[in-house]
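Residue strings, one per chain:
There are 2 protein chains.
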Amino acid sequence: MSADLLSHIRIVLSHTSHPGNIGAAARAMKTMGITSLYLVNPKKPIDAEAEAMASGAADVLHGARICASLAEALQGTVYALAVSARRRELAYDSADARGAVQALIAAARQGEVAIVFGTEMSGLTNEEILQCRAVAHIPADPGYSSLNLAAAVQVLAYEARVAALGAQPFPAADFAPAKHEDVERFYVHLEQSLLASGFLDPANPKRLIPRLRRLFGRAGLEQEEVNILRGMLNSFGKNT
Amino acid sequence: MSADLLSHIRIVLSHTSHPGNIGAAARAMKTMGITSLYLVNPKKPIDAEAEAMASGAADVLHGARICASLAEALQGTVYALAVSARRRELAYDSADARGAVQALIAAARQGEVAIVFGTEMSGLTNEEILQCRAVAHIPADPGYSSLNLAAAVQVLAYEARVAALGAQPFPAADFAPAKHEDVERFYVHLEQSLLASGFLDPANPKRLIPRLRRLFGRAGLEQEEVNILRGMLNSFGKNT
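From first to last, the protein sequence lines stand for chains A and B.
In terms of my numbering, the first sequence is numbered consecutively and its last residue is 244.
In terms of my numbering, the second sequence is numbered consecutively and its last residue is 244.
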């Protein structure tokens, strides 16, 4: 899995009405590491609002290729995924966004691929869908499924990134976890402190120590935290 | 898994600068079936731009609760997930968005939960992060990780919806798949037609029929398609 796969993905926006949406889509793509943008017959040229919405993705916006047809935008690709909010009668291969990007990323290992978005109002035409290999469906609420165009680009680009790079291990905190024996020494210290303070009655201990072990065990103590807790216990001990 | 879990999720936006972003966030939430919005000290009141960006989610926007503090917005919740683009030194439980929503949805079975977003410019403060139970990180491109606020809301709301509802089986097409014996009869018909036309040389068949079987097998023929293909073969036969 590699970020190089993302360079094989082009985002195609067909007949977009509002330049602001093109700018917002450019930003959404770039945050996910996808920078190749194709515009099929945008209804208005890129303008100041498009640039404002693109924010730090002006390079993606200005690098966009303007095409006269979807066929031109798909030239050279080996796989095109159409994004649709509606079920398509003729779609022969439909899946939700997460499932659909699997085939897209597999194809991206063999060549250029595209994710294709239609107009803000009506999406892709049936003629456009038939030029694609599969249809991706964002599982929106049936009562209100109207994602903004850039929001739909964000979801698909995000799914493509996660599929291309795999689960990214989140960088572990720098804090060292406590060693088993140090945690056990803390529990001994805690028990002694609670006996000294009278909160733990040796004749009737109930489930106090197991409950406290459960709490601290769940928290996953760090080395420094064990030191802090034992320092606290020492400070309480001074007053008993 | 149920959509009811989504009604236990509140989206909290802290100190948002631009009302348009609040509107766009309302739209993003609603498309994923989440309708409870809390605003902590928004810098400007909800205005016409917020309404324009909310589109069909004006109900979510106008139902938003305005709070004086994050503590007030989190009142009654049993779990709060902070969304952060930056690594947080004090965060004791960090995960990517997909991993982080698992604990959120588990907690939503037991009570109200929150997903908390900071300002457009600087995100959440450390003081705000410490009021949350865990930190979610959207795995953006390190070179440009600046998601628009509503785009971040869209990704987290999408992940929460997928986690709450599970993989939604995409409705299968209404088209009936072809039966094995009908597909085999088609292959016999195809071979006879190619022999008749001369394209298949019985003395030197090469791998023609296996290649065609592979192609049609991969396509997964439907019943009606077999009829169309056999009709085509019959029509060609008339001219040979």
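Since the hints were made in silico from the structure, they are not lab data.
Every residue gets a Cβ at the ideal spot worked out from N, C-alpha and C, and that includes glycine.
Treat the hints with care, since some could be wrong.
[As the list claims (entries may be wrong)] Have a look at the derived ranges for each label pair, beta carbon to beta carbon: (1) Q106/A - G241/B: 46 to 56 Å; (2) S73/B - A72/A: 48 to 58 Å; (3) I213/A - S73/B: 46 to 56 Å.
[Claimed, not checked] If you want a taste of the chain A side facing chain B, the calculated C-beta under 8 Å gives, among others: (4) A32; (5) T35; (6) P143; (7) A144; (8) S150; (9) N152; (10) A155; (11) Q158; (12) Y162; (13) V166; (14) G170; (15) N208; (16) K210; (17) L212.
[Stated by the list, open to error] In silico SDA-like cross-links for lysine to any residue, where the CA-CA straight-line distance does not exceed 20 Å: (18) K183/B - K210/B; (19) K242/A - A200/A; (20) K210/B - G224/B; (21) K210/A - K183/A; (22) K183/A - D97/B; (23) K183/B - D97/A.
Item to check | Numbers of unmet hints, in rising order | outcome: The structure conflicts with hints 1, 3, 14, 15, 16, 17, 18, 20, 21, although it agrees with all the remaining ones.
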